[in-house]
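Asker: Starting from two chains that each stand alone, build the complex the way the hints lay out.
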Amino acid sequence: MTDTNEVIARVYREEWARVVATLARRLRDLDIAEEMAAEAFATAVERWPVDGVPPNPGTWLATTAYRKAVDRLRREVRREDKHKEALVLSDPPQPLGAIDDDRLRLIFTCCHPALAMESRVALTLRMVGGLAVPEIARAFLVREDAMGRRITRAKAKIKAAKIPYGVPFREDLPARVTGVLTVLYLIFNEGYLASDPGKEPVRGDLTAEAIRLTRLVRALMPEDGEVAGLLALMLLTEARRPARVSASGELVTLAEQDRGAWDRELIAEGHALVRERLASGQAPGRFQMLAAINAVHTDARDFRDTDWSQVVALYDQLVRLDPSPIVRLNRAIAVAELDGPQVALAKVDGLPLENYHAFHATRADLLRRLGRSEESRAAYDRAIGLASNTAEKAYLVRRRDQLASP
Amino acid sequence: MAQYLISVLDDTTNSATAEEIAAIDAFNEELKANGHWVFAGGLASPSTATVVDGRGGEPVFTDGPYLESKEYVGGFWIIEAPHLDAALRLAALGSKACNRRVELRPFL
Chain Z
1 MTDTNEVIAR VYREEWARVV ATLARRLRDL DIAEEMAAEA FATAVERWPV DGVPPNPGTW
61 LATTAYRKAV DRLRREVRRE DKHKEALVLS DPPQPLGAID DDRLRLIFTC CHPALAMESR
121 VALTLRMVGG LAVPEIARAF LVREDAMGRR ITRAKAKIKA AKIPYGVPFR EDLPARVTGV
181 LTVLYLIFNE GYLASDPGKE PVRGDLTAEA IRLTRLVRAL MPEDGEVAGL LALMLLTEAR
241 RPARVSASGE LVTLAEQDRG AWDRELIAEG HALVRERLAS GQAPGRFQML AAINAVHTDA
301 RDFRDTDWSQ VVALYDQLVR LDPSPIVRLN RAIAVAELDG PQVALAKVDG LPLENYHAFH
361 ATRADLLRRL GRSEESRAAY DRAIGLASNT AEKAYLVRRR DQLASP
Chain D
1 MAQYLISVLD DTTNSATAEE IAAIDAFNEE LKANGHWVFA GGLASPSTAT VVDGRGGEPV
61 FTDGPYLESK EYVGGFWIIE APHLDAALRL AALGSKACNR RVELRPFL
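Taken in sequence, the protein lines are chains Z and D. Under the working numbering, read the first sequence as residues 1 to 406, first letter to last. Under the working numbering, read the second sequence as residues 1 to 108, first letter to last.
Extracted from the complex, chain D is given alone in its bound form (with noise of 0.2 angstroms):
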């Protein structure tokens, strides 16, 4: 078994409407009911991100994400799944319960 990262790729934060959080809840039972589930969670918006140094003597604290960009990473899943094709399917199924684009990442 392998482990993947399944990212939501999104440009407003928390703006799942209803129908798509009912879906997104049936998608995780699914997951859990299968043996692939892990985790998964939504994310509030970069804006609220810090970035921190701690490599020096002293940490230093960046307010703002280390990257701007229009769309970013609005929620996650970690699954478990044999092999890529097997989470392809899962994370064409999560896109569509979220109603958004995902971008799959296998864990090293």
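If we strip away everything but chain Z, and leave its shape as in the complex, we get (with noise of 0.2 angstroms):
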């Protein structure tokens, strides 16, 4: 009973994707085809401890899905309007197997820009990851009905706009791609520092998902140098989530965290990604740069073994591939190690980054290091003030209050 729910659980994380997706290309209806794989599951909650589970639990949802929308679609046909009948029965139902990229096509609707990016987010964990409305809505902090219109409100616009199911043109594909992998990244940042203050300050299950749907789309897409490079940026950092937040609920920076605690495993996956994206002589793009940077962090002994010259040589190329301040921020701090807290604050003071907590917190911590107390506890408190995280705030209080009184 026990096993075959654990089986339940298993096969839903595999194949709810699939499920969705198949059923969304067959039905051209995005809406009918989740409310139907829900139900195939739940057919198969009440089924499969009696009946034994399927040796193809894949095509037996599929199939119990498909069946159900037909009956669904029927009854409705016979209510109310035709057209729906043939639309439904136009296509005969096909094997589960070569239809991989259907996947695709609904990670490329869900993630389309016709939608605001806070629908595609919702619209991905829930169509692409299964997780259930109430679990999108806690993540995000947005109320469980709220969580629920803002899905149906962009499931409404896919099909009234008639955004299409399918793989971008040619032309667009760059974009697009990029379009999915900022919605993944989002999902995983929210998870790694997420900015509730009444959650866990880290979100395994959430970084756990974003890596779980872009291993996805990296399998649907191989040749991808931004794919494999986003995936490697996360296995990097969240091989790093264990050593992260102190026993205290404290965020550990990357100077005090034990490496020993680190998942060697992890950081090996994404260095051999990194090393396949060097191998492959292409230009990398922003996630295969922020990749590599992460390579050289994690290849070091200890903080003070980090390779410093190389971390800025990379940040200087992801300047050139975007200079927004955040990444110039993120050069100042590595250019501290490298040529000392003087030379990283005039880099730093002067970015357009009044509003930005860890722009105020790095100044602190240069200004702490130069011995400037007084001005480094004011930047800590504008850094306290403005920082959502619970760990990051603890951090930076003991810091703020560890500075020689005045």
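Some clues are possibly wrong.
Computed cross-link-like contacts, BS3-like style, restricted to lysine-lysine with a CA-CA straight-line distance of at most 27 angstroms [as the list claims (entries may be wrong)]:
id	chain 1	residue 1	chain 2	residue 2
1	D	96	Z	157
2	D	96	Z	162
3	D	70	Z	162
4	Z	68	Z	159
5	Z	162	Z	68
6	Z	68	Z	157
7	D	32	D	96
8	D	70	D	96
It should be emphasised that the hints constitute simulated quantities derived from the structure, not laboratory data.
Answerer: Set out below in structure tokens:
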């Protein structure tokens, strides 16, 4: 019984996206696809403990969901409009198998640029990730009914505006892939540095989900360098998660982390991806650059052992791709290790990041190292006021309180 | 095939330059050649509008637009496209041709 439930949970994780994606293609309706996939899984929960798990659970689920959809549309056709029957019955049932890129179609649809970013995130987690609406609502601190409405509105727009269920035009592909990766990275970051002060500071459920979805995209687009780059970046970041928050709930900086607690397996996988991209000889994109920087960090035995000139050189390359102030701030943090806090502070001051907590936290740290305690304290105060992550706040408060009293 | 309305957002009326008009003409020809054309037109200023309410016994006429706003629809295209991605691409070309922002909206 318990075994069957475990199997169902595993099959759910593995097959949900495939079942929804196949149905969506055949029914041309995301809403019914989602609903019937959910019903098929509910049927599995009832039947499998009694009848046993079918030899090919994925096919069983897709077939069951499709039959339910046909039954339902037939009922609706009898009740109201006739055109839906033609719609659903025009495509004869196909075996599962050569339809892997249905999931890719689903992902591109959910991450369509005509949808608001928050809708893309919610739809991707629901349709591709299979998370329940209350789970998504909790993850983003939105009321359940509001999250439900957000998803319903997005599905209604997909239908009314005829957002295509397909892979984009070739010319649009790079921008659309970037759009998908942005959604996945946003999910990962919300897990890695949860913005919700009422939640755990690091949300392993969200980072794991983001990695799982990125692995799926990687399997579907193995040739795309930026997909590999984002996966490597996530793996090398996730590897450090066990060392990132102290027992007392404080954020632990890279310099102070217990590197023995890092996940060696994830690091090895991330490094292999970075090496694969380097070997490709293709010019790297933003995510590949970030992954390479993280590879240097995870390669060092300790903080002092870090190859800072390599890190700064990689940031120089990244700034050329993405000259945003946040990238320049991160570059300055590496410069501080190479050329000292005075040089770094000159690069940080004047960046237009007045409302970004990390800007003030960086200034606070550099000023502290320069012995300018009063200015450092003021900067810590600004950073603490702007930070929303509980672990980060706790760290900043301790650092501020350790400053020499005036 | 679906139909979409491309509304041109503007804050002055009849303000297209000769260059913009030439680009719009070229875009219209392209729409026709590729089977996307349904209809298009420029609109006179909102101050020339009359709101008409014929729901009661005698129709009521009110001078001016139903909604005052700084920006308004200065013109429009109605196009035919297989799906939103194709319509978005045409809307982007239309926006470039008339040198204005546009709003793309599907018909029911």
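Asker: Hint by hint, say whether it matches the structure.
Answerer: Against the structure, the hints come out as follows:
1. D:96 <-> Z:157: 25 angstroms, holds
2. D:96 <-> Z:162: 23 angstroms, holds
3. D:70 <-> Z:162: Measuring from Cα to Cα gives roughly 30 angstroms; hence the hint is violated.
4. Z:68 <-> Z:159: Distance of about 21 angstroms is within 27 angstroms: holds.
5. Z:162 <-> Z:68: Holds, at about 24 angstroms.
6. Z:68 <-> Z:157: 24 angstroms, holds
7. D:32 <-> D:96: 17 angstroms, holds
8. D:70 <-> D:96: 21 angstroms, holds
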